Amino acid sequence: MEAFKLHHGLCATLSRDDVDTDQIIPKQFLKRTERDGYGDSCFFAWRYDEAGAPRGDFELNASAYREASILITGQNFGCGSSREHAAWALLGYGFRAVIAPSFADIFATNAYQNGLLPVTLPASVVSRLGDRTRQGDGYELTIDLQAAEVRDESGRIAGFEIEEFWRECLLDGLDPIATAMKRSADITAHEQRRSPLFPVTSSFGPTPEVR
Amino acid sequence: MGDPPCRGTESAFHKRLSKEDEAIAFQTTSSAAAGEAPRTAYQKIWNSHLVSGNPSERILLYVDLHLVHEVTSPQAFAGLRATGRQVRRPDLTMAVMDHLVPTWERSRPTPDPIGLEQLRQLSENCAAAGVPLFDLHHARQGIVHVIGPELGLTQPGMTVVCGDSHTATHGAFGALAFGIGTSEVEQVLATQCLWQAPSPTMEVAIDGELPKGVTAKDVALGVIGRLGVAGGRGSIVEYTGSVVRNLSMEGRMTLCNMTIEAGARAGMISPDETTVRYLEGRPAVPTGPEFDRAAERWLGFATDPGATFDRRESIQAAELAPFVTWGTNPAMVAAITGRVPHLDECPDQPTRDATARALDYMGLSEGTAIEDISIDRVFIGSCTNSRLEDLRAAAAIAAGNRVHSGVRAMVVPGSGAVKRAAEAEGLDRVFRDAGFEWLEAGCSMCLGMNPDILLPGERCASTSNRNFEGRQGAGGRTHLVSPAMAAAAALHGHFVDVRQLASATAS
Chain A
1 MEAFKLHHGL
11 CATLSRDDVD
21 TDQIIPKQFL
31 KRTERDGYGD
41 SCFFAWRYDE
51 AGAPRGDFEL
61 NASAYREASI
71 LITGQNFGCG
81 SSREHAAWAL
91 LGYGFRAVIA
101 PSFADIFATN
111 AYQNGLLPVT
121 LPASVVSRLG
131 DRTRQGDGYE
141 LTIDLQAAEV
151 RDESGRIAGF
161 EIEEFWRECL
171 LDGLDPIATA
181 MKRSADITAH
191 EQRRSPLFPV
201 TSSFGPTPEV
211 R
Chain B
1001 MGDPPCRGTE
1011 SAFHKRLSKE
1021 DEAIAFQTTS
1031 SAAAGEAPRT
1041 AYQKIWNSHL
1051 VSGNPSERIL
1061 LYVDLHLVHE
1071 VTSPQAFAGL
1081 RATGRQVRRP
1091 DLTMAVMDHL
1101 VPTWERSRPT
1111 PDPIGLEQLR
1121 QLSENCAAAG
1131 VPLFDLHHAR
1141 QGIVHVIGPE
1151 LGLTQPGMTV
1161 VCGDSHTATH
1171 GAFGALAFGI
1181 GTSEVEQVLA
1191 TQCLWQAPSP
1201 TMEVAIDGEL
1211 PKGVTAKDVA
1221 LGVIGRLGVA
1231 GGRGSIVEYT
1241 GSVVRNLSME
1251 GRMTLCNMTI
1261 EAGARAGMIS
1271 PDETTVRYLE
1281 GRPAVPTGPE
1291 FDRAAERWLG
1301 FATDPGATFD
1311 RRESIQAAEL
1321 APFVTWGTNP
1331 AMVAAITGRV
1341 PHLDECPDQP
1351 TRDATARALD
1361 YMGLSEGTAI
1371 EDISIDRVFI
1381 GSCTNSRLED
1391 LRAAAAIAAG
1401 NRVHSGVRAM
1411 VVPGSGAVKR
1421 AAEAEGLDRV
1431 FRDAGFEWLE
1441 AGCSMCLGMN
1451 PDILLPGERC
1461 ASTSNRNFEG
1471 RQGAGGRTHL
1481 VSPAMAAAAA
1491 LHGHFVDVRQ
1501 LASATAS
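So the sequences go chain by chain: A and B. Going by my numbering, the first residue of the first sequence is number 1, and it counts up by one from there. Going by my numbering, the first residue of the second sequence is number 1001, and it counts up by one from there.
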C-alpha cells in the first residue's frame, strides 16, 4: 500500500454533503481494467458541460484550486457504490487527503487501501476550514499522520482519530494482504474447524475450461 | 467513519466475548443453552468467523462465500498475478457477468469493445483460477445478488462479500454480508479473509401489519427516509418486528438490499422457518438428514431473545405508504399522496441547499404533488426488485392494460431462472400484451453500464435502488418506487396510488 506519513498541500472545497461515488466517478468510466488513469473522469458530470468544457459554476474548477491536494467537503462523503475507482479517481485528480465530518464506510476503506487519507474532523472545524479555504488566497494545510493532527501556518488546528490498524498500515506502507498471509496457519486452522455443512460453489457451478 | 473506530464504541458486545464464548460458537450457536448472555445474530457470526485477533478489535474474518463480477474484479486478479499469489479457495468463490451485459437477445453481440474486454478478462481469470463462472450464455446467469440466494449459496450464519455495495441483500438470510472494494476483493481471493473491525449494531423494528399496496420496497424507502442517507453509518442493522417476520424471502432481500442506502454496513434478518423453507431443495443446500442438521444449525444463528443493540429505531407499519423518491438520494422520499418539499420547510441551510440542487437537477418545482409528476420511462428490475414476486406484483397491475403512449417500459428479470419461471406462469405475455419490453437478465438500467440508459432529461419510474444524479444515464432523472407503483406509472404516464387501483393486491 502507498505510504502516507505527512502531507502538506493546497486546499479546495466541495461544499456539499453526501457526495456519492457515482458523482466522483460516473459509471461509464468503470469499464477499464487498470487502476490508474481515472483523474480526468473525476467529478465528470459536475466538472464538464455537454460540450466537454469546464463548467464555470463548479466549485473545484476555480483557478485557485487548480493545484489542490486536500479536499474539504461535507458529511457522508463517498456514499453509494463500492467502486474503488472513486479513490483512484481522486488520487488521479491530485488529491492525497479528504477532510470531512464523516465518510461512507466502504469508501473510507478503499481510500486507506490506496494511500488517500480520509480525515474525520468535527463539522464545526470542517466548516471553519472550508470558510478559510473559500477566501481563495491559497490556504494550505499540513496533515501529519504520525501525530494524527492537522496544522496550518499558525499551528495545530485539530487532532483526528484514526484506527491504529490503518495508521500503521499507512505509515509503514504495509500490504494488508501480506499481513493476512502471515496468519496462514490460523486461516488453515479455521478451515479445518469450520462446519462441513457450508456450501461450496464447485459442487454445481460451471467451471470454465482453461483455454 | 469507514471503519467504525473501536474506541468510543465500546458496546456490551465487545465485553461479552471470551475464549469460551468462541468455542461455543463453533459447537452450538444457542447461547441460552450454554447459559451465556443473549447475543445478536451478528455477534454469533462475528465470533464464529474469527481467524486471528481480539474480537473487540480489528480481526481477520473468514469469508464463506465470495461473489465476483466483471466490473470490480479485473484489477484484483491483476494484483494477484503481479504478486504471484493464487486464489486460495476457488470452491468458495463464484463469478457472474451481470453489470454491463446487454439485455437484448444473447445471440446479438455486446457492442462495447471496452466492456467486452472486461467480460473476456473475467472468463480468463476464472478459467485460470478454477472459479465457477456464470457467463452471458449460461441458463442461470443473472444479477449476482439474485442468483446467489436462488442457488441456495447464501445460508444463515455465513459471511458473504462481493465487490458491490448491494451485497447487503444476502443479509436477508441471517448472513453477515457486505460490499467491499477491489483491493479487498484481491485480499479475499488471496486469503479468503478480510481485516474487519467490529461495527456498532442497530435494531430497526417494524411492527404492525403492512397496509394494502405497501410492499417491502416501501418499507425500505420508509426506513431510509427516517434514518437519512448517513443515519445508519457503519452499523450492522438487524430488521425485526412483525412486518419483517411476515415478509417473504424476496421481500426480505429487497429490504436488506437497500440498507446500504441508509449508510449502514450491512442489513440482516434473523433466520426463521421462512428462511428454512426458502432454502430447502435449492442446488447448494444439503438434502435428507443433512438438511435437517443444517436447518437446526441455521436457526441457531437467530438473535437470542433479550439480546441488545447499540441503537434501536422503531417504525409502525401504519406510518408506511407507497413511496416515491423526488430527489437525488434515496432519503429524499415522499408518500404517493405527498408533495415535493418547499425550500422554506427545510430545517437547516445544508438541507435547503441540497434540496434546491436536487429539485434543479430533477426539473421539479417546490410543492409539486407526487401524483402530478409525469414520466417517460419505466424500469422494472435490479438486485432490489427483479425476483419472481416483484414481477408478479407488477404484472398484476399491468394485466389487461396498456402502457401509456408517452412511456417506454422495460422489464428485466433478475436471472435466467426468474425469467423462465415468470414465462412458465405467463407473466411475459402479460407484460408484452400491455406494451412492456421483456428482456434478458442483468443489472441493466439500475446503473446503465450496458446500452440501457436514460437520455438527458428523461424521467424514469424505477424499481432500482439509487436515484443519484446521472445514475441511469447522464442527465437522467430517477424516481425510486416499488414494482407495483412502477407498473402503475407505466400505464398512466404519471405516478398513481396503487391503493386506488382495483387490481392492486396486498403483495
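Some clues are possibly wrong.
Unchecked claim - Derived list of chain B stretches under chain A, where covered just means 3 residues or more per stretch with a C-beta under 8 Å from a C-beta of chain A:
hint: 1; stretch: 1116–1123
hint: 2; stretch: 1229–1243
hint: 3; stretch: 1372–1379
hint: 4; stretch: 1413–1424
hint: 5; stretch: 1431–1437
hint: 6; stretch: 1486–1495
Said to hold, decoys possible - One-sided and incomplete, this derived list gives chain A residues near chain B with beta-carbon spacing under 8 Å:
hint: 7; residue: Leu6
hint: 8; residue: Pro26
hint: 9; residue: Cys79
hint: 10; residue: Ser82
hint: 11; residue: Glu84
hint: 12; residue: Ala104
hint: 13; residue: Gly138
hint: 14; residue: Glu140
hint: 15; residue: Thr142
hint: 16; residue: Met181
hint: 17; residue: Leu197
hint: 18; residue: Ser202
To be verified - Short, incomplete list of chain B residues facing chain A, as computed with Cβ under 8 Å:
hint: 19; residue: Asn1054
hint: 20; residue: Pro1055
hint: 21; residue: Ser1056
hint: 22; residue: Arg1058
hint: 23; residue: Arg1081
hint: 24; residue: Ala1082
hint: 25; residue: Gly1084
hint: 26; residue: Leu1100
hint: 27; residue: Pro1102
hint: 28; residue: Leu1136
hint: 29; residue: His1137
hint: 30; residue: Ser1183
hint: 31; residue: Asp1292
hint: 32; residue: Arg1293
hint: 33; residue: Ala1356
Hints listed in this document are in silico derivations from the structure and should not be mistaken for laboratory results. The model shown is predicted, which means the values in this text are computed figures rather than measured ones. Quick reminder that beta carbons are idealized off the backbone N, C-alpha and C, glycines included.
Here is how each hint holds up against the structure:
no.: 1; hint: 1116–1123; in the structure: holds (count 4)
no.: 2; hint: 1229–1243; in the structure: holds (count 4)
no.: 3; hint: 1372–1379; in the structure: violated (count 0)
no.: 4; hint: 1413–1424; in the structure: violated (count 0)
no.: 5; hint: 1431–1437; in the structure: violated (count 0)
no.: 6; hint: 1486–1495; in the structure: violated (count 0)
no.: 7; hint: Leu6; in the structure: 21 Å, violated
no.: 8; hint: Pro26; in the structure: 6 Å, holds
no.: 9; hint: Cys79; in the structure: 6 Å, holds
no.: 10; hint: Ser82; in the structure: 4 Å, holds
no.: 11; hint: Glu84; in the structure: 4 Å, holds
no.: 12; hint: Ala104; in the structure: 6 Å, holds
no.: 13; hint: Gly138; in the structure: 25 Å, violated
no.: 14; hint: Glu140; in the structure: 25 Å, violated
no.: 15; hint: Thr142; in the structure: 21 Å, violated
no.: 16; hint: Met181; in the structure: 6 Å, holds
no.: 17; hint: Leu197; in the structure: 5 Å, holds
no.: 18; hint: Ser202; in the structure: 4 Å, holds
no.: 19; hint: Asn1054; in the structure: 12 Å, violated
no.: 20; hint: Pro1055; in the structure: 14 Å, violated
no.: 21; hint: Ser1056; in the structure: 13 Å, violated
no.: 22; hint: Arg1058; in the structure: 5 Å, holds
no.: 23; hint: Arg1081; in the structure: 12 Å, violated
no.: 24; hint: Ala1082; in the structure: 10 Å, violated
no.: 25; hint: Gly1084; in the structure: 12 Å, violated
no.: 26; hint: Leu1100; in the structure: 7 Å, holds
no.: 27; hint: Pro1102; in the structure: 13 Å, violated
no.: 28; hint: Leu1136; in the structure: 12 Å, violated
no.: 29; hint: His1137; in the structure: 10 Å, violated
no.: 30; hint: Ser1183; in the structure: 4 Å, holds
no.: 31; hint: Asp1292; in the structure: 11 Å, violated
no.: 32; hint: Arg1293; in the structure: 7 Å, holds
no.: 33; hint: Ala1356; in the structure: 11 Å, violated
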